[in-house]
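*Asks:* Read left to right, the sequence shown gives residues 4 to 681 (the working numbering).
None of these hints come from the bench; they were simulated from the model. We treat Cβ as the ideally placed atom computed from N, Cα and C, and that holds for glycine. There may be inaccurate statements among the hints.
As the list claims (entries may be wrong) - Only pairs whose alpha carbons sit at most 30 Å apart, straight line, appear in this in silico DSS-like list of lysine-lysine:
1. Lys19 to Lys344
2. Lys127 to Lys369
3. Lys111 to Lys32
Claimed, not checked - Listed next, with one range per pair, are the computed distances between beta-carbon atoms:
4. Lys141 to Val352: 40 to 48 Å
5. Lys506 to Ala558: 17 to 25 Å
6. Asp635 to Glu570: 39 to 47 Å
7. His627 to Pro154: 48 to 56 Å
8. Met476 to Asp635: 25 to 33 Å
9. Met476 to Ile409: 48 to 56 Å
10. Ser168 to Ser324: 49 to 57 Å
11. Asp160 to Leu129: 39 to 47 Å
12. Ser439 to His492: 28 to 36 Å
13. Lys365 to Glu396: 31 to 39 Å
14. Tyr24 to Ser168: 44 to 52 Å
15. Lys506 to Glu396: 27 to 35 Å
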Amino acid sequence: MKNKKVDYNQKVLEVKNLRQYFQTGWGKKKLTIKAIDDISFDIYKREVFGLVGESGCGKTTTGRTIIRLYSPTDGTIKFNDRIIGAGHSGNIHRIKKAKKEAKLEQIKADSYKYSRYLILEEYKQLVNSKKIEIYRLKSELDKVIFEIKQPLREFSDKKNELDRSYKLDKSDVLYQKRLEIDRIKGSNFYNTYITSKNQIKELRIIANGHIEQARQSIIDETVLLKEISLIEEKLQKDIKAIRHKNKKTNTRFSYLFDKEIKQKIAELKKQKVLDLKKLNDDYKNNLVKLENTAPDVMVIKEKIEHATKEFAQKIDELSASILVDKENLKKALNELSDRKKENPSEFSVDYNAISNVKAQLKETIKIEKQGIKDAKENNKNKVPKELYLKRNEALKNAKVTFKKEISKLREELKLLEKKSQKYNETKAKCRELKKSFRSELDGIKATLVKETDIMSRMQMIFQDPIASLNPRMVVREIIAEGLRIQGIHDAKVIDEKVFGALKLVGLLPEHASRYPHEFSGGQRQRIGIARALVINPEFIIADEPISALDVSIQAQVINLLNELKEELDLTILFIAHDLSVVKYFSDRIGVMYYGKMVELAPADELFKNPLHPYTKSLLSAIPHPDPIFEKDRKREIYDPIIHDYAVDKPSFREIKEGHFIYANDVEFEKYKKELDKK
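Whole structure, please, built from the sequences with the hints as guidance.
*Replies:* Printed below as a string of structure tokens:
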């Protein structure tokens, strides 16, 4: 969507040569991850700048580096012409490079040293080429040995497969037999036996109950002796009946269990032994057959020894030639030294050139060190010293002017009578002068913007609406957190601003007392937007604010951001991976791939004339609602191997007004022809 209000004369954000590297591992395993690698772009007043690319291309890292969640490795970030972040690794690299170049220039100014340098360089190139050849021969020898050992590996793989198959089959036999035994134990016969045992337990419990009942009856003094004797007789009969039934049941089921169950289990165990024996015999037969096909180890050893001798001979020859080259180097250097002793006038030294090089190097180092110092100061959240001096000078001048004018008015007051009209007018002028002086002082002090004030004008909407909200805080506390950091502690002011922010994003004041888990995904994202808007920012980084939401809710959030942008004159960096959404919402679009900005153009231009293969790949991945078109849609797969950057190095350059492309000279001409055809 094109915004007519974009002011392309006022830059809000300037990103130049930004690099963000991360170090992982240590020692030999230390690795540098280039999350952002030398990207540059500007964002103008009231513009929505879209940043797109696949996951892991560096979009989120760019946003977080801009808002200073990360300290940049190199490059500068300016917000409203004020540096808010700077890295200094590039300065260190440039100092090292300048020293190296200066050293070479000084050598060139001395003809003897330069001749010596050329001899040494020639020797280094010669030795390096031979060392590379030795490395190549060793690698080739490893490949040859690998191929010779291939039959041994194949035999070992077959044997391992046979062993694995035997173990699996054996485990399967044991498992099946154990399963069948468990099945017998789980049959109706076995269940009947268990049920009988449970009945016996119940009868014993009943008997114990009768005994306890009898005891209680005996204790009761109101029970007659006749009743006691009747209870005892009944108890004896019940106990005898229970014992008889218990004995009969135990004998019958024990006999049946021993006869039937044990017989079946014995048969299964016998079958298990037979199956395992057959399996073992088959394994031994197959193992004998396999061992008959085993490669001859002695033959393989002989082949390896022969190949090793052949390559060792070539490697020894090259190593010996390196020693010869070393001796030749010594001779050449000695000859050069003798020539200098015999004929000193043959060699000359340009001292003026050396002094100029040293002076230039000193100046370069001074500039780069100042850059390092400035970068460190900018990253300490401190206001530059010159701004303090400027403000103090303005305050001093204002005070001097005020003192002069107020002293004149006071002298006039002394000369006038107290009740005269002129006296009252002059006194009123004094009051007005004091009031204007205070306003002037406030204005001067306001020119010194603190770092926290600058960063408060820049806010971020995070990608995950669930993870970015504290589950232990109610919505009011979440949104008000930024206000408290800015020094606002009045409860009425906080409530007014929080409720206003909630109203802006379509939520109600009563939502302020709820916790994040009580909201839907879209509502949580609205809370995140309200948190960013509550301190009236000028610039917002929206880090994939819709990627975790449903399609219908995505449309609501995009429309909300669009309305807020128009209402509050916001400038937005919109990070996403869906180009169709970015086109609708953004004025310009930058495409990132593996930390590089590969293409940048106005939204309509990028969709009309995509040039970089990666951009074309992203555009071809956009689904189309028309099923007929979707059926015939061709996907373009981007393969970075198509670029040849070995000699012709690429750079980010303008191919058309407002349209930038990452390409080398050959690709640039190719893209130009492609544009001309369109």
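*Asks:* Run every hint past the structure and note whether it holds.
*Replies:* Against the structure, the hints:
Taken as a hint, the Lys19 and Lys344 pair is broken in the structure, with Cα atoms around 54 Å apart against an allowance of 30 Å. Restraint check for Lys127 and Lys369: the C-alpha separation of about 33 Å exceeds 30 Å, so the hint is violated. Note on Lys111 and Lys32: the hinted pairing is violated, with a Cα-Cα distance of about 39 Å set against a maximum of 30 Å. Range check, Lys141 to Val352: Cβ separation about 45 Å, and the 40 to 48 Å hint holds.
Distance hint for Lys506 and Ala558: a CB-CB separation of about 21 Å, consistent with the stated range 17 to 25 Å. In this structure, Asp635 and Glu570 meet the distance hint of 39 to 47 Å, their C-beta atoms being roughly 42 Å apart. Our hint of 48 to 56 Å for His627 and Pro154 holds, since their Cβ atoms are close to 55 Å apart. Between Met476 and Asp635 the Cβ separation comes to about 52 Å, which falls outside the hinted range of 25 to 33 Å.
Between Met476 and Ile409 the Cβ separation comes to about 52 Å, which falls inside the hinted range of 48 to 56 Å. Evaluation of the 49 to 57 Å hint for Ser168 and Ser324 yields a pass: the beta carbon distance comes to about 55 Å. At about 45 Å, the beta-carbon gap between Asp160 and Leu129 stays in the expected band of 39 to 47 Å. Range check, Ser439 to His492: about 31 Å between beta-carbon atoms, so the 28 to 36 Å window is met.
For the pair Lys365 and Glu396, the beta carbons lie near 32 Å from each other, so the given range of 31 to 39 Å is met. As the Cβ distance of Tyr24 to Ser168 is approximately 51 Å, the hint placing it in 44 to 52 Å holds. The given range of 27 to 35 Å is broken by Lys506 and Glu396, whose C-beta atoms sit roughly 44 Å from each other.
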